[in-house]
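Trainee: Chain Y is already provided as a structure; the job is to place chain W on it using the hints.
These protein sequences, in sequence, are chains Y and W. Quick note on our numbering: the first sequence kicks off at 4 and runs consecutively. Quick note on our numbering: the second sequence kicks off at 4 and runs consecutively.
Possibly wrong hints are sitting among the right ones.
Identical copies look the same in the list; a pair holds intra-copy or inter-copy alike.
[To be verified] Keeping only pairs whose Cα atoms sit at most 20 Å apart, straight-line, the calculated SDA-like set for lysine to any residue is:
#, residue 1, residue 2
1, Lys221, Leu173
2, Lys221, His175
3, Lys122, Glu135
4, Lys221, Leu44
These aren't lab readings, by the way, just hints derived from the structure by calculation.
2 protein chains.
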Amino acid sequence: MSTHRYSEEEIAAVYRVIAERRDMRHFLPDPVAPEVLSRILQVAHQAPSVGLMQPWRFIRITDANMRQAIHKLVDEERIQTAYAIGENENADRMAEFLRLKVEGILECGELLVATLCDKRDAHVFGRRTLPEMDIASVSCAIQNMWLAARAEGLGMGWVSIFDPIKLGALLHMPQDAKPIAVLCLGHVSTFYKSPMLVETGWKQPRPLADMVMENTWKPHA
Amino acid sequence: MSTHRYSEEEIAAVYRVIAERRDMRHFLPDPVAPEVLSRILQVAHQAPSVGLMQPWRFIRITDANMRQAIHKLVDEERIQTAYAIGENENADRMAEFLRLKVEGILECGELLVATLCDKRDAHVFGRRTLPEMDIASVSCAIQNMWLAARAEGLGMGWVSIFDPIKLGALLHMPQDAKPIAVLCLGHVSTFYKSPMLVETGWKQPRPLADMVMENTWKPHA
Numbered sequence: 004m005s006t007h008r009y010s011e012e013e014i015a016a017v018y019r020v021i022a023e024r025r026d027m028r029h030f031l032p033d034p035v036a037p038e039v040l041s042r043i044l045q046v047a048h049q050a051p052s053v054g055l056m057q058p059w060r061f062i063r064i065t066d067a068n069m070r071q072a073i074h075k076l077v078d079e080e081r082i083q084t085a086y087a088i089g090e091n092e093n094a095d096r097m098a099e100f101l102r103l104k105v106e107g108i109l110e111c112g113e114l115l116v117a118t119l120c121d122k123r124d125a126h127v128f129g130r131r132t133l134p135e136m137d138i139a140s141v142s143c144a145i146q147n148m149w150l151a152a153r154a155e156g157l158g159m160g161w162v163s164i165f166d167p168i169k170l171g172a173l174l175h176m177p178q179d180a181k182p183i184a185v186l187c188l189g190h191v192s193t194f195y196k197s198p199m200l201v202e203t204g205w206k207q208p209r210p211l212a213d214m215v216m217e218n219t220w221k222p223h224a
Numbered sequence: 004m005s006t007h008r009y010s011e012e013e014i015a016a017v018y019r020v021i022a023e024r025r026d027m028r029h030f031l032p033d034p035v036a037p038e039v040l041s042r043i044l045q046v047a048h049q050a051p052s053v054g055l056m057q058p059w060r061f062i063r064i065t066d067a068n069m070r071q072a073i074h075k076l077v078d079e080e081r082i083q084t085a086y087a088i089g090e091n092e093n094a095d096r097m098a099e100f101l102r103l104k105v106e107g108i109l110e111c112g113e114l115l116v117a118t119l120c121d122k123r124d125a126h127v128f129g130r131r132t133l134p135e136m137d138i139a140s141v142s143c144a145i146q147n148m149w150l151a152a153r154a155e156g157l158g159m160g161w162v163s164i165f166d167p168i169k170l171g172a173l174l175h176m177p178q179d180a181k182p183i184a185v186l187c188l189g190h191v192s193t194f195y196k197s198p199m200l201v202e203t204g205w206k207q208p209r210p211l212a213d214m215v216m217e218n219t220w221k222p223h224a
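Chain Y with its partners taken away, still in its complex shape (with noise of 0.2 Å):
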């Protein structure tokens, strides 16, 4: 056994808070208190990044004509999903899409915008052959913040619907950043039990035991 090892009991918070975070998309209006969405901001500064890039950047959304038009960027684009899940699918799967609630932009406590950095090229240290990897790091911050967000009693839902470069132009972002998420942080009625798209079923999951192989690429079923 490490002699690094937490104490039980935080061993248990840390498999607690993972095992209990839910993407939300269901809020109540309360408000965050300041010095709870600042915890929250901290953490996400606190996550790994390639090369130390440190791509992550936020903007805080407080202007409520902004929150509105963030609002009609992402239903226009919910739409356009739907009418592709019925071509990709059918449409029925496009009636069931339309039905599920996808984001909770208009009635959470604070809504953030995450995005890349600009100038992203000069960073060559873990991305000369994987360019990617500043997302993979804005997703650890995002990550970090679901936890604190979960232990803090808040909800948090992740929407990447939407076109990234309208509401990149909306938000008057220079061209070389991009956004890659509208964070939804707020106070919640509940909690799903499972993920909301397991609930209501859109999807059912797959075992983990599916997603382990040995040596080489040999899928389980």
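Mentor: Frame of chain Y, contents of chain W only:
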């Protein structure tokens, strides 16, 4: 205050593990207990995923020759990266990069390759305009592993210095799957107090204040 809030002790454990997680490159050769490896893979599988896509696949490397072959491939790309840093910056910086330890592939107790699954085009939900959300989901899974490993007293390192096409071929992966991480997991002598790239003087981190804006893109500096 939210009624869903964890106890102060649990919250402290969550913030502790986020703050103390490090991207490790120095390992002890001791084996990782199978039940610990199993718990760490389980938290990967508890990550959020876009449209419940579960795009993560893990290849556990138990064959010593395969481990050597992966190391060789990473070392080839390390040299290519050094040249690219030389071109982008200067020869001193190239020499400095070549002195850094960038991976612990041959020493760590467990070696895993994390990959994106095949047949991803079928998944439209949350990816029509942002197909890279599959990488985001696998990154959240890896961040969960990193945090659980730290609580268990183990270090993990994410190596992205490799040619994904060559690594995919080595592991007999389908052409539409893609490796994004070589994960070194294992016991460590000590955890870096700060990120290794800060400790070695490779790079100075920027403060969070530089990363947060309000309503539109307005960088701090």
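Trainee: List, from low to high, the hint numbers that the structure doesn't satisfy.
Mentor: The structure breaks none of the hints.
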